[in-house]
Amino acid sequence: IVFKVDVVGRSIGSQCAIHLASKFPTKFHGLILESGFHSILKLPMVNQLVAMLPGGAGMLSMLPELFYSLDKIQQVQSMPVLVLHGADDDIAPLVQGQELFAACGSSKKTLRVFPNAGHNDLVLRHHAAYYAAVNALLQDAAANAYSVKVLHALSAKQYDDVLAMGANALQSDRLKLEDQCQVLESLAKASWHLGDMQSVVKFTTRLLNRQPDHINGLCLRAKAYGLLHNVESVRDDVVTLSQLLAGSTAENPTKASVAMALLAVHSWTVQ
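Per full-length UniProt numbering, residue 1 is the first one in the sequence shown, and the count goes up by one each step.
No lab work stands behind these hints, which were simulated from the structure alone. Heads up, none of these hints are tricks.
The calculated label-pair distances, taken between Cβ atoms and stated as ranges, are: (1) 27 - 229: 44 to 52 Å; (2) 127 - 68: 29 to 37 Å; (3) 269 - 136: 38 to 46 Å; (4) 16 - 123: 14 to 22 Å; (5) 171 - 195: 20 to 28 Å; (6) 155 - 267: 16 to 24 Å.
In this text the structure is predicted, and so the values were computed from the model without any measurement. Each residue gets a CB set at the ideal place from its N, CA and C atoms; glycine is no exception.
Model the full assembly from the supplied sequences, consistent with the hints where possible.
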């Protein structure tokens with residue numbers, strides 16, 4: 001059994017955490033960066049030390065960047081990310097945390113800035129808010145992990161596992177709408193491959209309740225209705241699909257748009 005964990009990096013440890021998350025994205029559920037930074041050369045203390053050396057600022061401009069963390073964190077896309085930073089951090093200034101957050105490639109990212117806090121006292125000054133943010137990340141990461149497992153099971157054609165894990169994933173109140181739709185589509189596809197058309201209709205209907213313009217959901221439900229000989233429901237889905245494909249909200253779709261929708265349903269394959 002392989003257990004996944006969340007990777008946490010504090011201060012210079014943020015460099016290690018970013019490196020691991022970008023290099024091994026499938027091994028971690030989430031990434032937490034506390035008082036992190038991406039450039040040693042831009043830290044105030046480094047500038048002060050270099051200024052005391054012969055060459056001063058000229059030497060600083062000749063030193064290479066060591067970590068390239070902004071490039072690496074752009075590659076972190078598949079997991080939730082939490083950036084925690086003190087507003088008054090004079091060791092790793094807030095702007096570095098903000099730049100890490102801006103560069104992060106994940107759509108599930110959160111930046112928490114704590115007022116009147118420096119580099120080493122986030123927990124001391126903001127105990128409740130700090131742990132609330134961390135707990136939210138852990139819950140988001142667990143929910144995200146379930147949805148990722150569902151997709152992997154579908155890709156591996158493990159359809160019974162898709163149904164079991166998908167049901168668990170949908171029980172989480174932390175699963176974002178986009179991920180809910182993805183899980184429901186996977187459940188519908190697994191049900192199709194198992195020959196359970198009633199469940200296909202059930203899952204695609206739940207999907208379309210959340211996202212009415214989901215073309216894959218409409219195609220799949222129309223195909224399932226066809227196998228169930230529910231002609232009226234097939235017609236309704238084809239009409240809706242024709243309006244979406246034609247970009248029209250008219251109540252009476254054209255013959256051409258209906259023909260386009262019928263062709264889409266017929267040629268759409270369940271993968």
